[in-house]
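One-letter residues, chain by chain:
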Amino acid sequence: MTDMAQMQQAFYNEAKELLPELEEALLELEHYPGNPDLVHRVFRALHTLKGSGIMFGFQEVGDLAHELETAFDRVRNGELEANKTLLDAALRGKDHIHALLYSPDDADPSGADAIRSRLQGLLADKGAPASQADSSGGEEVNEAPEAEGVRHVYRVRFRPPRDIFATGTDPLSLVRELAELGDTYVIAHTEDVPWLEDLDPESLYVWWDVILTTDQGEEAIRDVFIFVEEESELTIESVDQGEVSKEEEEPSRKLGEILLERGDVSQEDLQRALESQKRLGEILVEIGMASPEQVQSALAEQQAVQQTAKPKKESETESSIRVPAGKLDRLVNLVGELVIGQTRLAQVASEKDDPTLSSISEELERLSDELRDNALGLRMTPIGSSFGTYRRVVRDLSAQKGKDIHMVTQGAETELDKTVIEQLNDPLIHLLRNSIDHGIEDPQERRSAGKPEQGTVTLAAEQSGGNVIISISDDGRGMDVEAIRAKALRNGLIPESTDLSEKQILNLIFEPGFSTAEEITDISGRGVGMDVVKQNIEALRGSIEVTSEPEQGSRITVCLPLTLAIIDGLQVRVGEEYYIVPLSAVNECVELTSEEKRKARAGRLIPLRESLVPFIRLREVFSIEGEAPAIEQVVMVASRQNTVGFAVDEVIGQQQTVIKNLGRVYRQVKGISGATIKGDGDIALIIDVDPLVQEVQEEEYRGAK
Amino acid sequence: MSRTIMTVDDSASARQMVSFTLQDAGYEVIEAKDGQDALGKLDSSVGMVITDLNMPQMDGIELIKNIRGKPEFKFLPIVMLTTESQEDKKKEGKQAGATGWIVKPFKPAQILGVVQKLLK
Chain A
388 MTDMAQMQQA FYNEAKELLP ELEEALLELE HYPGNPDLVH RVFRALHTLK GSGIMFGFQE
448 VGDLAHELET AFDRVRNGEL EANKTLLDAA LRGKDHIHAL LYSPDDADPS GADAIRSRLQ
508 GLLADKGAPA SQADSSGGEE VNEAPEAEGV RHVYRVRFRP PRDIFATGTD PLSLVRELAE
568 LGDTYVIAHT EDVPWLEDLD PESLYVWWDV ILTTDQGEEA IRDVFIFVEE ESELTIESVD
628 QGEVSKEEEE PSRKLGEILL ERGDVSQEDL QRALESQKRL GEILVEIGMA SPEQVQSALA
688 EQQAVQQTAK PKKESETESS IRVPAGKLDR LVNLVGELVI GQTRLAQVAS EKDDPTLSSI
748 SEELERLSDE LRDNALGLRM TPIGSSFGTY RRVVRDLSAQ KGKDIHMVTQ GAETELDKTV
808 IEQLNDPLIH LLRNSIDHGI EDPQERRSAG KPEQGTVTLA AEQSGGNVII SISDDGRGMD
868 VEAIRAKALR NGLIPESTDL SEKQILNLIF EPGFSTAEEI TDISGRGVGM DVVKQNIEAL
928 RGSIEVTSEP EQGSRITVCL PLTLAIIDGL QVRVGEEYYI VPLSAVNECV ELTSEEKRKA
988 RAGRLIPLRE SLVPFIRLRE VFSIEGEAPA IEQVVMVASR QNTVGFAVDE VIGQQQTVIK
1048 NLGRVYRQVK GISGATIKGD GDIALIIDVD PLVQEVQEEE YRGAK
Chain B
42 MSRTIMTVDD SASARQMVSF TLQDAGYEVI EAKDGQDALG KLDSSVGMVI TDLNMPQMDG
102 IELIKNIRGK PEFKFLPIVM LTTESQEDKK KEGKQAGATG WIVKPFKPAQ ILGVVQKLLK
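First to last, the protein sequences are chains A and B. 1092 is the number that my numbering gives the last residue of the first sequence; the numbers go up by one with no jumps. 161 is the number that my numbering gives the last residue of the second sequence; the numbers go up by one with no jumps.
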């Protein structure tokens, strides 16, 4: 918000022009009583003083101007005479406003009341009701808010006028606004849309039923339609009241259940009879008594009501059971196998071109998708469950080191695969230990550096797309880039001549052989066992990175995939080889035409919406033989640093990918995180985006040197 | 969607109130002091018009009718500023083609609310 004082200045300036204008018009009005132009000038000046006055916080000015305006409105309408008494009062009012604005200390506190009573006398003389002063601006009528957290189901029927577009209103945006209030099921009624030749593109033929489940009151719903309520057909009805209790009162059993219990019909007979029975909605549509949209709308309402009723019941009966982790692992493995089977079926179905087979395959795909998400969801645990351990580590260790350290945790609710959380334990404790040991200074040192004596270590977790990002940051002394570089030189990690960026140097601490045991107390050293930490994180298909500001502290960021077992992938082909790019990293696919290729020549840049994006040829990276096709496809991926393209021969499509680990021999291969079995039984390698990009960049860097 | 808004008001302070508020929220603002001025400055960059009703030269209702008369601005959101005593004006404005209204005196948050609602 811009400075209120600055805005008030604008009002002061304007009032300085308006007040003399008002005075002049009032004085002239004495000579030419009833002149409509003059009355209008007076009215306008007062109107602006009122509106702006209240907006800029001069309530008293606004109130007084409002009362004068009311009087002159009467004059304008010929209900009141602009006689001497009124003009006198108005001139005094003008003086009073002037005083209020420019010399508030001298303003007579009772001045306004004197003018007001005189005006009211005038207005009352004419038998008119007292001015509306009491209701003048600034009042806000707040509806009593609905009890929080109570969700209701509303049926909102919104039928805008056919010419709604002509007032610049987009009805769809209103429906979307409604959707922001809660969970919605929207049914667009398109029955009235005429054939194309009869269609007037400037008319609206569609109307909506929205089943809205929200904790907001009816007022909030009505607010959405504030500008169109008068012209539109709008009904808002609460449809869930009493539903829940009714169900509980009469637990009436269905006919089939009773017959079954009495042994009059068998389960199979009942099932067959039920299957042959048509649903009410279908019958109604068939005999033309309801349109499919109407039935659909009613069904949605039914469902929404049932769902709000459900949590209420569930909360009473909700309980949990403990299951050995091994059983869950078996389940996830089996789901993985099922997904592979389903992928093969999908492939066969698409080859056979048999609609029956395709529909079975699609049905199975939907089920296995859901099963997969559920099975993986079973293993997800909030990371906060392990925060307690870390707190303890920080507390004990800081006491031992004689440091005063406060630990802050964020994102405890972030969910991660249970195995991942367990395997994170050691690396995270190591990182915290390092922060406490080397990052945060002694209280004395902190004091002399002008920092609070108490240091802070922050452990934060958040989900970002398909990844969870965990960061450990401290407000300590930061890392000494020069010392790290010197040490890396000494240990032979980098040759003398290398020219590395600050970031690259910092990340050298993760290199094996960076630190040796006898250097544990190294002043800047953070390197103790950092290579092990990195290995642990990479075994979880994650990545780790460090940033640091001298005297401000350091931050270590660990990025982990949400799950270990199954991902959504994009299958691509290069020559005879198949690869999977994790779909969570893919932004889009574009074509690289031969013309663009010519333009790019040796440079590896492709134009993408006004910017140039670097791309990597997988053909070259993986040394695949053969020529690239005339038109290559480029898969745009979001790597940690920026957007990068992967040039491939063909993009095959999306596929659920069950990750199989590569054997020990291939552990060291960078850029590949595993393999998967394709629908036809072949193997596709899964690309590990960040390491691959990093590797290629480093190689180019070395090449350029 | 254009993020340029035209504010039409004969009161400089009222105009500034609108401009300050909207500029703070990252919108571009074009100011016009009455209907005539507004019609002269209106072009395709404008995504929405906020107009006072009571103005010399050409008043707000006339302005709305004029804008709606141009095919290219047929669907442009137009919001009028009215006072609570102008219930009939509100109707007249709607008939002329106004999208909605803001009741004067208003608070910055109200303007922003309406703009965000209509410029989604």
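Please note that a few of the clues may not be correct.
[Stated by the list, open to error] Okay, the calculated beta carbon distance ranges per label pair:
(1) 809/A <-> 66/B: 43 to 49 Å
(2) 624/A <-> 66/B: 21 to 27 Å
(3) 624/A <-> 132/B: 25 to 31 Å
(4) 85/B <-> 415/A: 39 to 45 Å
These are computed hints drawn from the structure, not numbers from a lab. The structure presented is a predicted model; accordingly, all values stated were derived computationally and were not measured. The C-beta atom is built at its ideal place from N, Cα and C for all residues, glycine as well.
Verification of the hints:
no.	hint	verdict
1	809/A <-> 66/B: 43 to 49 Å	47 Å, holds
2	624/A <-> 66/B: 21 to 27 Å	36 Å, violated
3	624/A <-> 132/B: 25 to 31 Å	27 Å, holds
4	85/B <-> 415/A: 39 to 45 Å	44 Å, holds
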